[in-house]
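Colleague: Listed below are the residues making up each chain.
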Amino acid sequence: MGAVWSTIGTYAIVFSVGGALCAIAELLIVRTKLTPARILVIFLIVGIALEAVGVYDAILEVCQAGVSVPIVGFGAALAKGSIEAARSGGFLGAFSGGLIRTAYGVGAAIVMSYIVTLVFSPKTK
Amino acid sequence: MSEKTNAVKSRNDRYNKYVDTVSPKTSVPKALWHSFWIGGVTCMIGQGISDILAFSMPSLSKDMVANITSMILVTVAILFTGLGFYDVIARQGGAGSFLPITGFANAMASASMEFKTEGLIFGTSAKLFTVVGPVVVNGVVWSTLAGLINLWILGAY
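Residue numbers (this note's numbering), protein chains in the order written: chain A, 1 to 125; chain B, 1001 to 1157.
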């Protein structure tokens, strides 16, 4: 029974944290007229900064997918890869690590986009 | 000269007022609520996928579970984009539909589909990164900097 409650608790945290991040982004759009691309970059850099300072893992432990599914998690993964590779591989590692760590998602996105473009045609609105 | 700039200024003010009256008024609390729940549900789906993966394949490392989860989310989002479902979500979701990794995938797929008519090389392949390019470029630049700073600090001690 305890396991069920802790699972429900985890999902409640994931929902509220993920939702809150998106609501903050929406508020930025409404209030400051920043474009979505700028907001994506801002949240990405926040993720990189959190990872670089070393607090991201503690946040991830509590919020799980609530923080890793938004673009913040992508930034943190890039920074984590780069930092780890820099520690093990030195100067050159810093350049390759980020892309190596995020290659699964980015590779899938590029290949799937290409295939979907070949298969489907854009809907006329 | 100053008369001219004043005229331009007042014209711009009038134009901005006109734009404010004409642009549709969206209710802010409603937009925030839609972003909140659509973003939250997307994150819960991600959590569900990673929980199922970790449960059904205990030999997978934590990093691999995260990688496969993002691959599944990205693939589903791109298929939804192709089928035209994602537009329906995005119309309501606002930030809730573009901040998660699914929005990143949608931005890629919709840009590449939109420019299909310009050919596969200069249309699809070139325009694939029009929206997500800034994210990838800034991500690589700042994360490399983070790695280098980390290396430099470790080297100093």
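Simulated from the structure, these hints should not be mistaken for laboratory data.
Just so you know, these numbers come straight off a predicted model, no measurement behind them.
Certain hints may be false.
What the hints assert, rightly or not - A few chain A residues facing chain B, derived, Cβ under 10 Å:
no.: 1; residue: GLY2
no.: 2; residue: VAL4
no.: 3; residue: TRP5
no.: 4; residue: VAL30
no.: 5; residue: ARG38
no.: 6; residue: GLY47
no.: 7; residue: GLY73
no.: 8; residue: LEU78
no.: 9; residue: ALA79
no.: 10; residue: GLU84
no.: 11; residue: ALA86
no.: 12; residue: THR102
no.: 13; residue: THR117
Claimed, not checked - As a list, the in silico BS3-like pairs of lysine-lysine whose alpha-carbon atoms are at most 27 Å apart:
no.: 14; chain 1: B; residue 1: LYS1030; chain 2: A; residue 2: LYS33
no.: 15; chain 1: B; residue 1: LYS1030; chain 2: B; residue 2: LYS1009
no.: 16; chain 1: B; residue 1: LYS1009; chain 2: A; residue 2: LYS33
no.: 17; chain 1: B; residue 1: LYS1030; chain 2: B; residue 2: LYS1017
no.: 18; chain 1: A; residue 1: LYS33; chain 2: B; residue 2: LYS1127
Cβ coordinates follow ideal geometry from the N, Cα and C atoms, glycine included.
Colleague: It remains to establish, for every hint, whether it holds in the given structure.
Modeller: Outcome of the hint check:
1. GLY2: Hint violated; A/GLY2 Cβ to chain B Cβ min 17 Å, cut 10 Å.
2. VAL4: Violated: closest Cβ of chain B sits about 13 Å from A/VAL4, beyond 10 Å.
3. TRP5: violated (15 Å)
4. VAL30: holds (5 Å)
5. ARG38: Holds, because the Cβ-Cβ distance from A/ARG38 to chain B comes to roughly 8 Å (cut-off 10 Å).
6. GLY47: Given a least distance of 9 Å, the restraint on A/GLY47 holds.
7. GLY73: Check passed: Cβ of A/GLY73 comes within 7 Å of chain B, closer than 10 Å.
8. LEU78: holds (4 Å)
9. ALA79: A/ALA79 check passes; min Cβ-Cβ to chain B is 4 Å, inside 10 Å.
10. GLU84: Result: holds, 8 Å to nearest chain B Cβ.
11. ALA86: holds (4 Å)
12. THR102: Where the cut-off is 10 Å and the nearest Cβ of chain B is about 8 Å from A/THR102, the hint holds.
13. THR117: The hint holds - A/THR117 has a Cβ within 10 Å of chain B, the shortest such distance being about 5 Å.
14. B/LYS1030 to A/LYS33: Holds: B/LYS1030 and A/LYS33 sit about 17 Å apart, inside 27 Å.
15. B/LYS1030 to B/LYS1009: violated (35 Å)
16. B/LYS1009 to A/LYS33: holds (21 Å)
17. B/LYS1030 to B/LYS1017: holds (24 Å)
18. A/LYS33 to B/LYS1127: holds (25 Å)
In this structure, the hints that do not hold are numbers 1, 2, 3, 15, in rising order.
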